[in-house]
Amino acid sequence: MKYKFALFVVLFMLASAGSISVLAQSGETASAAAGYAIALEQSRSALMAAEAKIQVWSTTDILLADAEVAAEAGDYVLATSLAEEAGLQVELALATAEREKTAWRRGVPK
Amino acid sequence: MKKICVAFCLLVLTASAYASPEQDRLALREFFAKRFPSMDLSAMADGLYAFDEGAREQWLEMEDFPPYEIAIDDGEVLFNAPFENGKGYADCFENGGIGVRQNFPYFDSAAGEVITIEYAINTCRTNNGEQALAWMSGELAAISAYMAYTSRGNKINMVIPDDPRALAAYESGKEYYYTRRGQLEFACENCHMQSAGNLLRADVLSTMLGQATHWPVYRSKWGEIGTLHKRFRECNVQVRAKPLEAQSLQYRELEFFLTYMSNEMELNGPASRR
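Here the protein sequences come in this chain order: A and B. The first sequence begins at 16 in our numbering and counts up one residue at a time. The second sequence begins at 3 in our numbering and counts up one residue at a time.
Okay, chain B solo, but in the shape it has when bound:
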């Protein structure tokens, strides 16, 4: 009897120590609502432009002829080009691949892993006898940009299935986000929660909330459109941590967690950033 009581107490303690994804998301929103009481949380989808008025003005001017526009056009052409077997991307996605970006990433219970939009695009290719594209920029990023463009305004609709493996993937992404690493011993959280809204050299650091709404992104620094995993790698390098491979399981799980934190926010990708 004593053993049963101890086991029950441990179970209760464990359950109370680890919050559910939804509790995490609500706690994060509360954190930023307290941190920036005068700001509408949905504005955080604009990253640093939600904070820096001057930069925002320039950015809005740029939006008249956005640098990612070419990628959208290229992406549309590539998306509609049939594979050698006569099939195409539209055959691999729900609703012909139009307006579905908000459903990614998701946990595929059959495969037992997180599937991102870029991963799904390349899987579609290889399943149809085509070669996989490079993960971080170029044609894959362009197709992703087009698919994001057709989904603008849709709210992120991530669902974590009732599957312990899905929850484990979420927890793995969460742990990665909050873990300090690299020679500088920085966690993602140090910049994008603790120091969000503050200047890091000439740039204002964006908030974790809204970080997953606008990918892929044309960064002036890159001179091209790139994927979220390209940015993950860059963040790692900036803290002098060895970056992982784009679309590695760990990065996909990080994206899974990060996107869930922005659940119910509107998609506004592709976007441009400095």
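Chain A with its partners taken away, still in its complex shape:
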């Protein structure tokens, strides 16, 4: 009887530990997915501003498409990293747009 009780306790502890681990994992996934969603939204919003200025790099859409593929596969770490890289590219493109607002005239022959 004692043996059966001990076995039950051990099995219960193992099951609880597993559940906690699964719960923790699903919490991490949800957090990573939320992080990705924020990064994607920020990049897309900035991209719209760059589109309006006709200053988008050809590489940015590819990064965003790759990010979506990674997110669909559940790899939110990679997806976030790609979305952030796209956002950085947009930031640089917007910096070019800002500078070129007046600088483009430097090449015009006088």
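Keep in mind that the hints were calculated from the coordinates and are not lab data. Values in this document were obtained by computation on a predicted structure and should not be read as measured data. A few of these clues could be false.
Derived CB-CB ranges, DEER-like [said to hold, decoys possible]:
hint, chain 1, residue 1, chain 2, residue 2, range
1, A, 66, B, 133, 40 to 48 angstroms
2, A, 117, B, 114, 20 to 28 angstroms
3, A, 90, B, 203, 32 to 40 angstroms
4, A, 117, B, 29, 17 to 25 angstroms
5, B, 166, A, 90, 50 to 58 angstroms
6, A, 90, B, 68, 49 to 57 angstroms
7, B, 86, A, 81, 42 to 50 angstroms
8, B, 154, A, 118, 34 to 42 angstroms
9, A, 81, B, 133, 29 to 37 angstroms
10, A, 43, B, 166, 53 to 61 angstroms
Ideal Cβ positions, reconstructed from N, Cα and C, are used throughout, including at glycine.
Given chain A, work out where chain B should sit, using these hints.
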């Protein structure tokens, strides 16, 4: 009184800061005349073949049986094929569409936008109940090639009307040409003015002057005849900038500016390039 004086001074300063299209064109010709003092400016209509003697020799040999010849023949057949309503392209263009390439692009004051030859061809189709053709190659490029062929030797005769919208379209095209963009941060000007005549890998870069005289072009790289906007897109991609749609307003305005810079040069399209 003081306010009036300030306003007048600002007006004078603004006017002197922005050159007219004709001043731009003359300044560009002077730029290339200084850059290549021994070269006849009209030779620049041949692009890289104006610079690379070896390549020019091969190109001239190719001109005996040019790769764009099939497109001209196809284009002639397509041009003369009536639409379902019995009308045809000849009904849409001045002089029946023969020898009119030099008048394109132009600013249509009624529509308030730049009209390129390819845009006019497709507008002619849709106005007559036909489907628009694909912009960059195929049948549209062939019709354009035929129309260019009938205009060979004519001088580009672009007129910018006295309409602030036309001048704005010109300025928009000019700004696009000189603006750096893409991951490589290159403007059209960086290759076709600063580095014109220099080697980029195995190819000599052509000059901005004469860039609009010879379209559409059969490019060996493409293996087909393609329009100027196809080349615009390719240039954008080469500097890792997201290309625009062919015949988008911005590209049409770019063509408007670019063609004006070659005003009074002879048309020599269609042509072949590497």
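Hints and how they fare:
Residue 66/A and residue 133/B have their C-beta atoms about 28 angstroms apart, which leaves the hinted 40 to 48 angstroms range violated. Between residue 117/A and residue 114/B, the C-beta spacing of about 27 angstroms keeps the proposed range 20 to 28 angstroms intact. Distance hint check for residue 90/A and residue 203/B: the Cβ-Cβ separation is about 37 angstroms, which falls inside the suggested range of 32 to 40 angstroms. For the pair residue 117/A and residue 29/B, the supplied restraint of 17 to 25 angstroms holds, since their beta-carbon distance comes to about 19 angstroms.
The hinted window of 50 to 58 angstroms between residue 166/B and residue 90/A holds, with their beta carbons roughly 54 angstroms apart. The hinted range of 49 to 57 angstroms is satisfied by residue 90/A and residue 68/B, whose Cβ atoms lie roughly 53 angstroms apart. Distance hint check: the CB atoms of residue 86/B and residue 81/A are about 46 angstroms apart, consistent with the given range 42 to 50 angstroms. Between residue 154/B and residue 118/A the Cβ separation comes to about 39 angstroms, which falls inside the hinted range of 34 to 42 angstroms.
In this structure the hint that residue 81/A and residue 133/B lie 29 to 37 angstroms apart at CB holds, the actual value being about 35 angstroms. Distance hint check: the CB atoms of residue 43/A and residue 166/B are about 60 angstroms apart, consistent with the given range 53 to 61 angstroms.
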